[in-house]
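Visitor: Turn these sequences into a full structure, and let the hints steer you where they fit.
1 is the number of the first residue of the sequence shown in UniProt numbering; add one for each residue after it.
These are computed hints drawn from the structure, not numbers from a lab. Every value quoted in this text rests on a predicted model; they were computed, and no experiment measured them. Hints are not guaranteed to be accurate.
[What the hints assert, rightly or not] Simulated crosslink set (DSS-like; lysine-lysine; CA at most 30 Å straight-line):
1) LYS652 / LYS638
2) LYS54 / LYS276
3) LYS342 / LYS330
4) LYS541 / LYS647
5) LYS527 / LYS541
6) LYS614 / LYS725
7) LYS136 / LYS727
8) LYS614 / LYS647
9) LYS29 / LYS54
10) LYS807 / LYS592
11) LYS527 / LYS276
12) LYS697 / LYS838
13) LYS697 / LYS652
14) LYS697 / LYS727
15) LYS54 / LYS527
16) LYS215 / LYS638
17) LYS276 / LYS66
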Amino acid sequence: MCSSMGLLYQAPTCAILSVEKSKGHESPKNLLYDVVFGIPKDGKNKRDTYVPQKWDLIALTNVRPKCIDDLNRPPRLYFLAIVVRGDDEDSPILPQILTAKPIVVEYGEKRESLLVTFLININTNIRIWDALKGGKNLNIITEVLQADSTAGDRCGDCSSQEIDVKGHDVHADLHSSNLNDSQINAVLSSIETSQCSHRSSLQLIWGPPGTGKTKTIATLLWILLKMKCRTLTCAPTNIAVLGVASRLLQLVENSIQQHSYGLGDIVLFGNEDRMKIDDHEDLLDIFLKYRVKRLAECFVPLTGWRHQLISMISLLEDPTSQYQVYLEQKIKEKEQDRDHEKKKEIRRKKTRKQKIKEKEQEAVHEIKKKEVREKEKRKQKEKGKLIQTMIIEGEGDKSCDNALTMWEFTRKRFDCTEWNLRHCIRIFCTHLPTSFLSIEVVGEMNRALNLLQLLRTNLHGDIFSNKDLENVFNCSEDSNYTACESSTSSSLRKRIQACLEVLKSINKKFSVPNFCSHHMISSFILKNAHLIFCTASSSVKLNEGKPIELVVIDEAAQLKECESSIPLQLPWIRHAILIGDGRQLPAMVMSKISGKAGFGRSLFERLVSLGHRKHLLNTQYRMHPSISLFPNKEFYEKQICDGHNVKDESYKKLLLQGQMYGSYSFINIPYGKDEFDERHSQRNMAEVYVASEIVAKLYQASVGSRQMVSIGIISPYKAQVCALKEKLGNQYVTPGSNFSVSVRSVDGFQGGEEDVIIISTVRSNGNGSVGFLSNHQRTNVALTRARYCLWILGNGSTLRSSNSVWKKLVLDAQNRGCYFDVDEDETLLKTLKESMIKLDQLEDFLNTDSILFKSARWKKFGSSNELGNRARAGEYL
Numbered sequence: 001m002c003s004s005m006g007l008l009y010q011a012p013t014c015a016i017l018s019v020e021k022s023k024g025h026e027s028p029k030n031l032l033y034d035v036v037f038g039i040p041k042d043g044k045n046k047r048d049t050y051v052p053q054k055w056d057l058i059a060l061t062n063v064r065p066k067c068i069d070d071l072n073r074p075p076r077l078y079f080l081a082i083v084v085r086g087d088d089e090d091s092p093i094l095p096q097i098l099t100a101k102p103i104v105v106e107y108g109e110k111r112e113s114l115l116v117t118f119l120i121n122i123n124t125n126i127r128i129w130d131a132l133k134g135g136k137n138l139n140i141i142t143e144v145l146q147a148d149s150t151a152g153d154r155c156g157d158c159s160s161q162e163i164d165v166k167g168h169d170v171h172a173d174l175h176s177s178n179l180n181d182s183q184i185n186a187v188l189s190s191i192e193t194s195q196c197s198h199r200s201s202l203q204l205i206w207g208p209p210g211t212g213k214t215k216t217i218a219t220l221l222w223i224l225l226k227m228k229c230r231t232l233t234c235a236p237t238n239i240a241v242l243g244v245a246s247r248l249l250q251l252v253e254n255s256i257q258q259h260s261y262g263l264g265d266i267v268l269f270g271n272e273d274r275m276k277i278d279d280h281e282d283l284l285d286i287f288l289k290y291r292v293k294r295l296a297e298c299f300v301p302l303t304g305w306r307h308q309l310i311s312m313i314s315l316l317e318d319p320t321s322q323y324q325v326y327l328e329q330k331i332k333e334k335e336q337d338r339d340h341e342k343k344k345e346i347r348r349k350k351t352r353k354q355k356i357k358e359k360e361q362e363a364v365h366e367i368k369k370k371e372v373r374e375k376e377k378r379k380q381k382e383k384g385k386l387i388q389t390m391i392i393e394g395e396g397d398k399s400c401d402n403a404l405t406m407w408e409f410t411r412k413r414f415d416c417t418e419w420n421l422r423h424c425i426r427i428f429c430t431h432l433p434t435s436f437l438s439i440e441v442v443g444e445m446n447r448a449l450n451l452l453q454l455l456r457t458n459l460h461g462d463i464f465s466n467k468d469l470e471n472v473f474n475c476s477e478d479s480n481y482t483a484c485e486s487s488t489s490s491s492l493r494k495r496i497q498a499c500l501e502v503l504k505s506i507n508k509k510f511s512v513p514n515f516c517s518h519h520m521i522s523s524f525i526l527k528n529a530h531l532i533f534c535t536a537s538s539s540v541k542l543n544e545g546k547p548i549e550l551v552v553i554d555e556a557a558q559l560k561e562c563e564s565s566i567p568l569q570l571p572w573i574r575h576a577i578l579i580g581d582g583r584q585l586p587a588m589v590m591s592k593i594s595g596k597a598g599f600g601r602s603l604f605e606r607l608v609s610l611g612h613r614k615h616l617l618n619t620q621y622r623m624h625p626s627i628s629l630f631p632n633k634e635f636y637e638k639q640i641c642d643g644h645n646v647k648d649e650s651y652k653k654l655l656l657q658g659q660m661y662g663s664y665s666f667i668n669i670p671y672g673k674d675e676f677d678e679r680h681s682q683r684n685m686a687e688v689y690v691a692s693e694i695v696a697k698l699y700q701a702s703v704g705s706r707q708m709v710s711i712g713i714i715s716p717y718k719a720q721v722c723a724l725k726e727k728l729g730n731q732y733v734t735p736g737s738n739f740s741v742s743v744r745s746v747d748g749f750q751g752g753e754e755d756v757i758i759i760s761t762v763r764s765n766g767n768g769s770v771g772f773l774s775n776h777q778r779t780n781v782a783l784t785r786a787r788y789c790l791w792i793l794g795n796g797s798t799l800r801s802s803n804s805v806w807k808k809l810v811l812d813a814q815n816r817g818c819y820f821d822v823d824e825d826e827t828l829l830k831t832l833k834e835s836m837i838k839l840d841q842l843e844d845f846l847n848t849d850s851i852l853f854k855s856a857r858w859k860k861f862g863s864s865n866e867l868g869n870r871a872r873a874g875e876y877l
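Guide: Structure representation (structure tokens):
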């Protein structure tokens, strides 16, 4: 919370439109209020797009704060509140807040405006606390707490067992999946662990950058899906969860037999806004909320699957009776319209005298009631005769203006019902679990759809007249007719009978559940799924329901140990598999105090430090060998091999001319300086201009060659990221373009990769100070994002003087001949000079050894002011 207070200048806000005391309001301990929040604005300013959600910790003020001091300005001081019921819930009930102090509710002109400023969401913290104090399922926790040297080893009783999944050889499946030996061993070991019933266990898979970690996880989950092993897959962030789920779907869709049948065994759930699920159309079919909506359409009794199926059977068996019902309804509607018009006319003509007469005639009306009833009976008989006549003649009621003929009605009803059945079957095949919808029933459904399609073609074709259709439908059991019917009519009749048999068979074998709410459908989906995807924090929602056998945690090195206790304590879980890399960035902890206390340490990191056995994925397929050389040596003790694909000559890309722009280079920029922005973050404008010029050169080369290129610019400092984004603007943001540029911090790039990575190190000073740039994990992430080219911008002198990993990197680049001065490229030199003049940062140039004077047409010494004026005039450009 203290860290959040320091970021008030960017904290989102919204207005409170009204405040009322809740029913449970009790002063002074239970200060509950029902509130109405202002509608968020659709603008570029993120501060205006805030929608308070449950467990948001907020500050109530009468001003929009830009710093901590703004919260304590008279006449009203801020006070804290927490959202205990948010707008994010699917409920018509108003949001509710619990405040630290009473809110003085004012009305009319005296009413003072109230603003809500978001500080932090404590939902995950609450879940962590509940998990730590709960102590529900301690099978895995107990195993973890034992610092045993044999932890992670195979169970002796299970090690000799062969793995077989319902008659399929897992080894054969793995070898066909194009995995390397280390990946196969990791998957096999994990599967063996999941089948052990003798003890709980926890496996570690160590996946350095580019070693196919996500592919390995997806293959493991694909095998577990075949085994019908109920598995939870979670990760610290939504991005990581979506990445694994997407890769798994690619495997599943390539192996399923019936279109999308089988996807119902996989479900992904979470907050759709935070997941940005609309940007991932490939995942919609497994997203819980979307699945619930689709299934709800088919479960509705009056219009859903059951109704459509019975309607089609009735239509094919006896279209005449359905047409009769239709005509009765049309006649009734017509009569109602007439009666309505008559009543309107009577009301217009009524006079006071007539109203008096009506009272006098009430007694007479009683006498005539019997006569009316008799008349109604005669009328019904006449209507029945009329309907029979219309059915026989095949025409609609002449008195009903919009009535369809019998075969117009039959075709229209058939088309509508057939479309609805097809729609429901597609939904069932995609969204129902295989335990509820068998492959045999799916086969019959597909056969029914094919037969219905053929019938539709026959009904709308020119082969059969209305009389032919009437004979086929109504005389199919008449032996005299069937003996003399044509071959085409006989074929249609048999097709109708075959379709009826299939539909009736489906009706007997399959019935939809009787659910009356979305919550019941959601519970049904989660209970019957085999693979479940969500964040580690959200897994708390699985505490109730069918037992889960195995939990797989991706990016486990980024998950705080205390947070991992949430999924590890779910009921019945006996085994866990943790996949990650402790040598990349750990979990983000905003509080410096908490960080120093080790709050961000992961369970993965702690187990590795205790010597827990781990499976190393030892082949990287991302980086060109010249890029992977230094991080492999510095961070992984040369344990990682380069894949055959990156060693191929075609993997070497010459995107720009010159040795400086090879696969790996360090570009020395000694001119410029690191400086603090207004938010106390470091930036270096010289590197900003050089980076933007390199991007411009890459763009021109891409346009000329029509080659698709993705660029990533990484910097460890937020101020530098902002400066780079401002400089580049939107000039390279074109949908469908072959050229893309992404600018992010090191933390934002973890897990990502691009064709070309440009690293801006920022630090440029005389004392070798590099700050948190020296962090090994942050450096490792930055250096391992590129596929073909990695170009590092920095002050070589500063970095060499830092006595950090960056000193080693600069010396390594010099030894390998990958170290270049910025003035070796004339365009970069010119850009750098122009930038210094624009920024009025000429101090670095005002010495005879600077590039300004090295390349000048003449030299003349004078005062600093004289030199500066000449530089601004362009004499040295």
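Visitor: If a hint holds in the structure, say so; if it doesn't, say that too.
Guide: The hints, checked one at a time:
Restraint check: the Cα-Cα separation between LYS652 and LYS638 comes to about 22 Å, which is no more than 30 Å; the hinted pair holds. Distance hint between LYS54 and LYS276 is fulfilled; the C-alpha atoms sit about 19 Å from each other, no more than 30 Å. Taken as a hint, the LYS342 and LYS330 pair is honoured in the structure, with Cα atoms around 18 Å apart against an allowance of 30 Å. Restraint check for LYS541 and LYS647: the C-alpha separation of about 46 Å exceeds 30 Å, so the hint is violated.
Between LYS527 and LYS541 the CA atoms are separated by roughly 12 Å; this keeps the pair inside 30 Å, and the hint holds. Of the pairs offered as hints, the one joining LYS614 and LYS725 is violated, with about 40 Å between alpha carbons and a cut-off of 30 Å exceeded. Taken as a hint, the LYS136 and LYS727 pair is broken in the structure, with Cα atoms around 53 Å apart against an allowance of 30 Å. A hinted pair counts as satisfied when its Cα atoms are at most 30 Å apart, and LYS614 with LYS647 qualifies at roughly 27 Å.
Proposed proximity of LYS29 and LYS54 is supported: the alpha carbons are some 20 Å apart, at most 30 Å. Only pairs whose Cα atoms come within 30 Å are accepted, and LYS807 paired with LYS592 is accepted, the gap being roughly 27 Å. Distance check on the hinted pair: LYS527 and LYS276 sit about 25 Å apart at the alpha-carbon level, within 30 Å; holds. Distance hint between LYS697 and LYS838 is fulfilled; the C-alpha atoms sit about 21 Å from each other, no more than 30 Å.
Among the hinted pairs, LYS697 with LYS652 is consistent with the structure: their alpha-carbon atoms are about 19 Å apart, no more than 30 Å. Only pairs whose Cα atoms come within 30 Å are accepted, and LYS697 paired with LYS727 is accepted, the gap being roughly 15 Å. Between the alpha carbons of LYS54 and LYS527 the distance comes to roughly 25 Å, so the proposed pair stays at or under 30 Å and holds. Taken as a hint, the LYS215 and LYS638 pair is honoured in the structure, with Cα atoms around 22 Å apart against an allowance of 30 Å.
Our distance criterion of 30 Å between C-alpha atoms is met by LYS276 and LYS66, whose separation comes to about 29 Å.
Hint check: violations occur at hints 4, 6 and 7; the rest are consistent with the structure.
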